[in-house]
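A.B. asks: Protein sequence lines, in the order shown, are assigned to chains Z and B.
First residue of the first sequence? That's 1 in UniProt numbering, and the numbers climb one at a time after it.
First residue of the second sequence? That's 1 in UniProt numbering, and the numbers climb one at a time after it.
These are computed hints drawn from the structure, not numbers from a lab.
We put the beta carbon where it would ideally sit given N, CA and C, even for glycine.
Be careful, since some hints might not be right.
Said to hold, decoys possible - Covered by chain Z, per the in silico footprint, the following chain B stretches (three or more residues, Cβ under 8 Å):
#, stretch
1, 26 to 32
2, 202 to 213
3, 343 to 349
4, 362 to 375
5, 386 to 400
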Amino acid sequence: MYITGWTVALSALGAVPAMWVQERTFAWVWVLGVIALACLDAALAPKPGSLGLRRSAPRAVRLTESTAVELEVVNLGARRVSGAVRDAWQPSAGATGNRHRIRLAPGEATVCVTPMRPTRRGDRKADVVTVRLAGPLRLAGRQRSIDAPATLRVLPEFASRKHLPSRLARLREIDGQTAVQLKGAGSEFDSLREYVIGDDVRAIDWRASARRAEVLVKTYRPERDRRVMIVLDTARLSAARVADAPRLDASIEAALLLSALASKAGDRVQVSAFDRVERARAMGVSGPAMMPVLADALSTVEPALVEPDWPAVARLVQSRLSQRALVVLMTTLDASAVDGGMLDAVAAIAHTHAVVIASVDDPEVRALERGRDDMHELYAAGAAARGALEQDAVAARVRELGADVLTALPDDLAPAVADRYLDLKASGKL
Amino acid sequence: MSASHVDSTTHLDSARTRPTPASAGYSRADDSAGLVTRARKRPVVLIAAALFVALIVTLIWTSRPEDYTPLSTDNATPSGTRALAQVLRAQGVDVRQIATMADARIESPGTTTLAIAGTEPLAEYQIDALFEYPGDIVVIDPSQSVVDRIAPALSVEPSLDAAPTAADCEDPDAVAAERVRVADEGLAGDAGEDGVLCFPNDYGSHAYAVVDDGDRRVTLIASWPLVTNEHLAEDGNAALALRALGRHESVAWYVGDLFDPSTLTWSAGDDGDGDGDGDGGAGADGAVPPSEIEANPDFLPPGTGSAIYLLALTALVAAWWRARRFGPLVREPLPVVVRASEATRGRARLYRRSRASGRATAALRATAAARMARRLGVPRAAGRTGLVPAVARAAGRDATDVERILYGAPPTDDLTMMSIIHELDTLESEVHRP
């Protein structure tokens, strides 16, 4: 049962006769009478069970984009109903204006549309639908909450896709220029074209030039159908917040950009999220189908507060890859990684594959290192410098093992990883 | 049937009606889950709740506030007059205590004695209004301003006398009481032509005076302790008090209250309705009773109080209206928020607490050296011997100076640490590629 503002207004209206009667008993009788009237009205209201509800939500939406969910309400009873419904969702689903008036004749149906703008990645769940059916006097009514499960999957934002066009342009550049840079080693022959000033003279195909009147050069293109495996570390260090988002989110952005770029370059990408067990994976698809599958798989990945199992990561990579590939580890370089067995795992993987370790830097720690205002800040600067030294030491050991290390601020990580991939591609090391 | 999709930009008003509902696949409310149905299924809970409410109501109904006001008829302590009121009631006199003068609303002044206990807090206009009352008045503990109004030659004197004195007057009530003490206060002087003074002590103070003021009788009990619970049983106190107050079938008892600005109210009644006292002209004087607005010298119109009372009750209804949620709150499973820099900050606090200035400075020196080496292209393997000359050359400084700044003795206190870091920053800013 609920009461409306009309009940309150009616109760307040009693102040006028109360001025004349000047009795407290009158005030009590009036207010209790109004409440009794409201209770009677609620008893006369139609039963909530006479409504049928059906929710429908779009399958997925990208973070920061707007969408709308629908709630179909049908009057299955014999009486005309009037009231309101509330289409409740988790707060992070960003459902604004989720209260709808309904006025339905028997057998009539209506669709209530609730606009949504999710604020968090992952599966956003719908809560109960609350129905209010007003009584004939509009003083009160019946209220009931009804379960109607629904889920809206919120995909990662992929804000780094703004870097994609420039990287694709560079990819095409590499396609044409490999002859100049690669000296043919390990590259596929692409085509012959006319010599232009600046081309490497060693790329001139004398035999073809002899056949025609002009000088021709051989062009090569980078190999296609290479394997790229991205491993996202979802263990405890990925939960730490860097600039209001977990480290993991920056890793996901980088993974998405690299996957988009690599699949455009004709390589086969597979992604795995791992801490002690595999949390998500996307593999076995290529081409345009790759990105939706990947976004879907990564949308529900959340950091777990556990220590990563590095030997298992090494085994996972070895079992998934049969030929030489690029393995990108999205993790955090930290002194504790040495004890955790990360170096052994990197050594094992780097034995057969090219390894890039991408780590998110914290702008706050960098700011701490520059603080000079008082003693407190000087000690903070010392602590930050110590942390940087330790991280450098770990990075140096990783490099000794033959792996590549990349640290960048959260927003710069995705383009940095993409650039590193293009560098490797251009130099034919892939 | 196909679900027609609605443009996502429109909302709320875009709820559109459709003619034919599908029959199956809808979630529906379980009507047996309602409040009434649940209560009917568990009558024990309902009965327990009803009993609880009844208990609370009974407790509120029966509880009366403890009254410690002196001379109040509800006060059972030694300073109260509950004993007197109870004896009067047992004798068939209706004793009614009024909280404010405006509340009196005495219906038949002819048959009602007005008892005023303590007149010190009364204002002049209240005393004026008081003496317009046509019926009998008994004033207990009168103040000088009240005495002046009825017998100007009398004065109120403090009394320290402890011995009972005889009535020594004609008044039948006083004669019946025989002896009382003049305690606390007494009346001295002349009661006038129509007045009788009784119970004089050795110093000329009287405990009691009666003045026949036209048709009515004004009784002054200056020795007020004789009506209290403590002293009522002593000497002739009870006889005097009961006779003075029990002349009519009802008594309106008022205790002087500083916070009561109102004046007395009574209805004129029919002339001659009383038993002989309330006849003739005095009744006609009070024929126009003061209205409530006259009795309450207040700026608000009458009935404001009851209207505000009703609005206060309405506020409770409004609270119910607003407090009832449109559905439950929805839980959001939030992740743990740990800033990545927390570890660094924690380490900084540890350094500071243990005054590890040497350690902190060493770290800053090492990172500065690494940055300068990178800028100057000095390989990591070159170490100290390779870096120092290169930095000295780039900064245009003496090598020993550079050596001291980069690899000097670790600081032992905060001040040295500050100066070393300052020198380090200066050196680094001077280094540029040669």
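A.B. asks: Evaluate each hint against the coordinates.
C.D. replies: Against the structure, the hints:
Look at the stretch 26 to 32 of chain B against chain Z: 6 of its residues bring a Cβ nearer than 8 Å to a Cβ of that chain, three or more, so the hint holds. Only residues whose C-beta sits within less than 8 Å of a C-beta in chain Z count toward coverage, and the stretch 202 to 213 of chain B has 0 of them, not enough to reach three; the restraint is violated. For a cut-off of 8 Å, the count of residues in the stretch 343 to 349 of chain B with a CB near a CB of chain Z stands at 6, and the three-residue condition holds. Requiring three or more residues with a Cβ within less than 8 Å of a Cβ of chain Z, the coverage given for the stretch 362 to 375 of chain B holds, as 5 such residues are present.
With a cut-off of 8 Å between beta carbons, the stretch 386 to 400 of chain B has 0 residues touching chain Z; three or more are needed, and the interface restraint is violated.
Against the hints set out earlier in the document, violations occur for numbers 2 and 5.
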